[in-house]
Each structure stands twice: as C-alpha cells, then as structure tokens.
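Enquirer: Sequence:
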Amino acid sequence: MAEPQTSSDTSSRDTALIVLALLAIFGGIVAFYWYGERPLLLRVAMVVGGVVVGLGLAWASSFGRDFWRFALVSRVELRKVVWPGREETIRMTTVVFFFAVVMGVFFWGLDWVLTWMTRLLTGQSA
Numbered sequence: 001m002a003e004p005q006t007s008s009d010t011s012s013r014d015t016a017l018i019v020l021a022l023l024a025i026f027g028g029i030v031a032f033y034w035y036g037e038r039p040l041l042l043r044v045a046m047v048v049g050g051v052v053v054g055l056g057l058a059w060a061s062s063f064g065r066d067f068w069r070f071a072l073v074s075r076v077e078l079r080k081v082v083w084p085g086r087e088e089t090i091r092m093t094t095v096v097f098f099f100a101v102v103m104g105v106f107f108w109g110l111d112w113v114l115t116w117m118t119r120l121l122t123g124q125s126a
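Quick note on this note's numbering: the sequence shown kicks off at 1 and runs consecutively.
Think of the hints as simulated: they come from the structure by calculation, not from any bench. All C-beta atoms, glycine included, are put in the ideal place defined by N, C-alpha and C. Heads up, some of the hints might be wrong.
[Stated by the list, open to error] So the derived label-pair ranges between C-beta atoms look like this:
| hint | residue 1 | residue 2 | range |
| --- | --- | --- | --- |
| 1 | 87 | 66 | 37 to 45 Å |
| 2 | 108 | 83 | 33 to 41 Å |
| 3 | 51 | 83 | 30 to 38 Å |
| 4 | 49 | 99 | 45 to 53 Å |
Take these sequences, add in the hints, and give me the full structure.
Expert: Have a look at this one:
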C-alpha cells in the first residue's frame, strides 16, 4: 500500500511546479528575443506557448488549484454586487471632481501662504 503524501512532499512538489511554471514563462520571453530574426508570428507563438505551459504547470500545483477556486468564487460574488446606476455614477464622479478641484485650490493657497511666510521670515521678500 502506498503511504499518503506528507505536507512537506506536497509543498516541495508545489514549489517545484511553480518554479517550473515561472521558468516556462521566462523561457518563452527569452525565446522571443533570442530568435529576433525569425518571423514575429513565430516569436509570439513562443511566448504564448511558454505562458500556456507555465499556466498549466502552475494549475497542477495546490496553489494553482486554490487560486482557480478563488477566481470562480470571486466571479459568483461579483454577480451579487449591486452596482450603482448611471445617474448615481455621474453624480458621484462630479462630486469627486469638484472635491479634487477644491482641494487643489486649497493646497495651492496653502503653498502660496507658506512660501510668502518663509520669504518674509528669511528676508527674501521683494
């Protein structure tokens, strides 16, 4: 009978898979530049191939499967969100815009006053 895997075996396997995935992606990018004289379509295919192999290797790890489950649950939660309507979005955008303008004018004025006071205190006023 086979013994169940321990967590250290699993974690080292997962680490190896993630490292191989990163190397595959990096290899695709390196190949893109290494074969610079080849047609662009072939070089892009090398990058895409590296990314596909890398994602496949990453998905084979427990981290990859957990991430995939997280992404699926996130999509479900995203559908549950009550998004603001067009009118509320425009109103809030306008409020944020005017607040940013008011704060910009405030900080411009504060900078002007502090500059004036600094020049007055250092004797540089004209």
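Enquirer: What hint numbers does the structure not satisfy?
Expert: Nothing - there is no hint that the structure violates, so all of them hold.
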